[in-house]
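Construct the complete structure from the given sequences, taking the supplied hints into account.
Chains C and V are the protein sequences, given in the same order.
Following this note's numbering, the numbering of the first sequence begins with 2 at its first residue and continues without gaps.
Following this note's numbering, the numbering of the second sequence begins with 2 at its first residue and continues without gaps.
There's no promise every hint is true.
[Stated by the list, open to error] For the chain C half of the interface with chain V, some residues (derived, Cβ under 8 Å), not all of them:
| id | residue |
| --- | --- |
| 1 | 44 |
| 2 | 127 |
| 3 | 128 |
| 4 | 129 |
| 5 | 142 |
| 6 | 144 |
| 7 | 145 |
| 8 | 146 |
| 9 | 147 |
| 10 | 233 |
| 11 | 235 |
| 12 | 236 |
| 13 | 237 |
| 14 | 251 |
| 15 | 252 |
[Said to hold, decoys possible] Covered by chain C, per the in silico footprint, the following chain V stretches (three or more residues, Cβ under 8 Å):
| id | region |
| --- | --- |
| 16 | 104-113 |
| 17 | 124-135 |
| 18 | 269-276 |
| 19 | 399-412 |
| 20 | 416-422 |
It is worth saying that the hints were derived from the structure and are not from the lab.
The structure presented is a predicted model; accordingly, all values stated were derived computationally and were not measured.
Note that beta-carbon positions come from the ideal geometry of N, C-alpha and C, so glycine has one too.
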Amino acid sequence: MQKIFNFKNVIILLLVIHFSIFLIYPIYKAFAGSLHDWNPLIGQYDFVGFENFKHVLTNNLFWSAIRNTFIFVFFSVLFRIGVGLGLAVMLHSKLAKFKGFFRAIFYMPTVTPLVAVSFVWVWLYDPQFGLINKFFGLDINWLRDSSWALPAIIMMTVWKDFGYAMVMFLGGLMALPEDVFEAANIDGANRWQCFWYMTWPLLKPTTLFVVITSLITYLQAYVQILIMTEGGPGTSTYVISYLIFEEAFVRYNFGLASAMAVILFVMIAVLTAALFKISGEGEMPL
Amino acid sequence: MKKCFSKLFFLTIICVFLVACSSTSGEAGKRDELLDKGLDVMGQNVLFDPNKLVNEGEPITIEYWTWNDGDPAIEMAKAYEEIYPNVTIEIVINPWEDFWIKLPLALQGSDGPAIFNVHNSQNEILEPYLAPYDIAIEDLQADFNFVDSHIQEGHVYYMDSLINTGNIYYNKDLWEEAGLTEADIPKTWDQFTEVAKTLTQRDGDRLTQAGFNFNGTYDAIYQGLNYQKGILLFKDEGTVVNFDNETTLENTQFLLDLYEVEGVGDKDFGSDANQSFGNGQSAMVYNWGWYFNELQTNYPDINFGVFPTPTPTEETPLAYDRYNGESTPGINENQSDAQQAIAQDFLRFCLANDEYSRKGALALASFPTKRSLAEDPDILAHPVLAEIAPRVERLIWPGAFPATVETTAIQTFEDILFNGKDISQALIDGQSKMESEMRNTNFRSVESSFQFIDEASH
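Below is the structure:
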């Protein structure tokens with residue numbers, strides 16, 4: 002009996018309780034709620050079967066939000082990795098100076114709250130007094146022009162998040178075996194060949210990790226949409242998570258919101274599994 | 002030693018959980034034995050007699066929840082506690098977003114606040130938990146305007162304490178620079194367009210000063226414009242939104258023409274008309290009373306004035322605009338009888354006392370519904386309230402309609418303005434979306450209780 006109450010078991014028990022309350026139960030509740038007409042604020046919880054899914058899947062706004070979500074995720078992940086990898090390679094180079102300083106500078110946006118960053122970028126994008134138009138001599142209503150609004154949000158998101166990818170890639174680069182590169186140099190490989198045939202393949206586990214974590218983050222992104230465009234102009238920047246937020250916390254249709262969340266859950270699971278399959282990795286690298 | 006530490010740690014955690022989950026409420030306070038407080042009875046028809054004991058003089062604590070630290074009920078609570086030293090009214094302030102999640106959840110149990118601030122936009126989620134006012138409806142009607150639209154099956158659960166509506170805010174300095182005087186204040190929309198053109202400035206093709214800017218405020222304007230032409234916001238006995246109609250089309254085209262034909266503003270001239278006006282870049286904007294305080298707080302250098310929203314002709318319209326109200330408090334029907342009794346008494350104290358309405362009116366730049374304040378010098382000295390006062394009777398309230406009526410209207414106008422969507426098609430799509438989103442609500446408009454409803458176009 003005494004052995005049960007040792008330090009290790011107590012900690013594990015607390016973690017199990019924590020995950021049960023804050024992870025497993027909410028997931029179960031979302032699945033169950035998706036089958037109900039559910040408004041917790043007035044205690045409504047009526048079983049409706051698959052009605053919520055039917056309503057969601059026949060809603061044009063849902064499909065346009067899905068399309069926007071994929072565009073947002075694809076370009077955000079692509080540029081986050083591109084910029085992060087590029088800067089990591091530069092900072093890892095023997096020619097680079099003040100590495101610690103630049104690492105800190107580049108990582109700073111990542112630790113800044115997204116809400117604050119979003120507000121600042123709303124001002125930067127302002128067509129009347131925004132610095133972006135002034136600095137580049139442009140005349141674009143970034144957040145109110147439907148062809149620019151989503152790219153503008155993607156640009157802000159990439160700026161905010163590339164530091165994370167940079168640090169991950171920098172860690173990956175530091176862990177690469179130096180003797181392999183020395184051997185390649187002796188064999189006459191140039192820098193591009195070294196990068197393309199050695200560095201990039203050796204960074205595959207890190208890349209996969211960054212892609213999957215970015216994918217999960219961006220499929221759930223809504224804060225920047227809420228602050229910068231509220232889904233507008235019209236409905237041109239609605240993404241799935243913003244739609245879920247609006248359905249749950251503006252209209253209090255938790256049943257519909259749960260049905261959308263279940264669909265999002267399935268999408269993330271399928272995409273993650275597909276990525277593992279395509280990359281041929283058995284397990285998530287850490 | 003290690004085992005001892007583990008047990009101690011485990012016990013500490015259990016204690017922390019128990020302390021965290023325990024209730025902190027207790028009845029600490031004084032007893033009150035003074036029946037005669039030596040105070041006069043307050044009020045005109047809703048009366049409050051302070052010369053009594055409440056809760057039989059025993060100490061009692063109730064909670065009042067609000068989202069607004071300028072809520073006049075907070076000062077009234079202090080005054081009430083002075084009269085009844087055995088009563089403690091704990092003020093709990095939560096920001097707006099948190100408030101509307103926490104309050105309905107707290108009201109489901111038996112230990113929610115006894116009394117709380119109400120906003121009519123949240124009517125649907127509050128309705129199941131509201132106790133009726135323990136005040137005769139005739140007394141409420143005698144003391145307050147607009148009570149009728151809040152009577153449900155012979156009961157009032159909350160009503161308007163203040164009302165507000167739209168006005169035109171104008172920059173006096175820009176007005177003067179353009180050679181305009183007080184005599185040029187427009188009464189009709191045609192006159193308004195001419196004034197706006199005079200106030201517009203360009204550097205070549207580039208707009209440098211908007212005569213009128215409505216970026217971000219379309220949803221509020223179109224409702225008023227429709228009412229001015231006798232068109233109600235809801236049809237089919239108030240159950241179906243009336244968005245896609247000839248008048249909305251005409252008014253939307255009018256607003257679009259102000260930018261695209263008359264050139265008094267531009268969709269790309271800032272995304273927020275209020276900010277643009279505050280920065281002195283727009284000469285006129287349409288906004289409600291709250292904007293008065295916003296300007297004074299955030300843009301103290303702007304020298305501005307207020308005039309009534311113009312009308313299509315100089316004839317009196319069906320209604321000048323929609324109004325919306327700040328509500329009187331709600332009482333939690335799930336609380337104990339003792340708590341509810343104190344809440345009802347405190348409510349009566351607020352409603353009988355003119356200070357409650359006066360303080361709220363001046364703090365929120367909203368017109369009091371209390372009849373005794375209709376000609377109050379403090380109220381009429383306020384620039385916004387002075388403009389609302391002559392129009393109060395001709396303001397209409399459709400009821401606490403679902404948010405989609407406004408959010409979809411904004412999306413519709415953005416689709417027209419920014420995405421180049423055809424107006425007719427945008428209105429059809431907007432109507433369809435509003436109807437779809439209102440499908441599961443039991444909303445019914447109270448426009449029919451408007452005293453001039455017979456003048457509406459059907």
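Quick rundown of the hints versus the structure:
{"no.": "1", "hint": "44", "verdict": "6 Å, holds"}
{"no.": "2", "hint": "127", "verdict": "7 Å, holds"}
{"no.": "3", "hint": "128", "verdict": "5 Å, holds"}
{"no.": "4", "hint": "129", "verdict": "4 Å, holds"}
{"no.": "5", "hint": "142", "verdict": "4 Å, holds"}
{"no.": "6", "hint": "144", "verdict": "6 Å, holds"}
{"no.": "7", "hint": "145", "verdict": "5 Å, holds"}
{"no.": "8", "hint": "146", "verdict": "6 Å, holds"}
{"no.": "9", "hint": "147", "verdict": "5 Å, holds"}
{"no.": "10", "hint": "233", "verdict": "5 Å, holds"}
{"no.": "11", "hint": "235", "verdict": "4 Å, holds"}
{"no.": "12", "hint": "236", "verdict": "6 Å, holds"}
{"no.": "13", "hint": "237", "verdict": "7 Å, holds"}
{"no.": "14", "hint": "251", "verdict": "6 Å, holds"}
{"no.": "15", "hint": "252", "verdict": "7 Å, holds"}
{"no.": "16", "hint": "104-113", "verdict": "holds (count 3)"}
{"no.": "17", "hint": "124-135", "verdict": "holds (count 4)"}
{"no.": "18", "hint": "269-276", "verdict": "holds (count 4)"}
{"no.": "19", "hint": "399-412", "verdict": "holds (count 6)"}
{"no.": "20", "hint": "416-422", "verdict": "holds (count 5)"}
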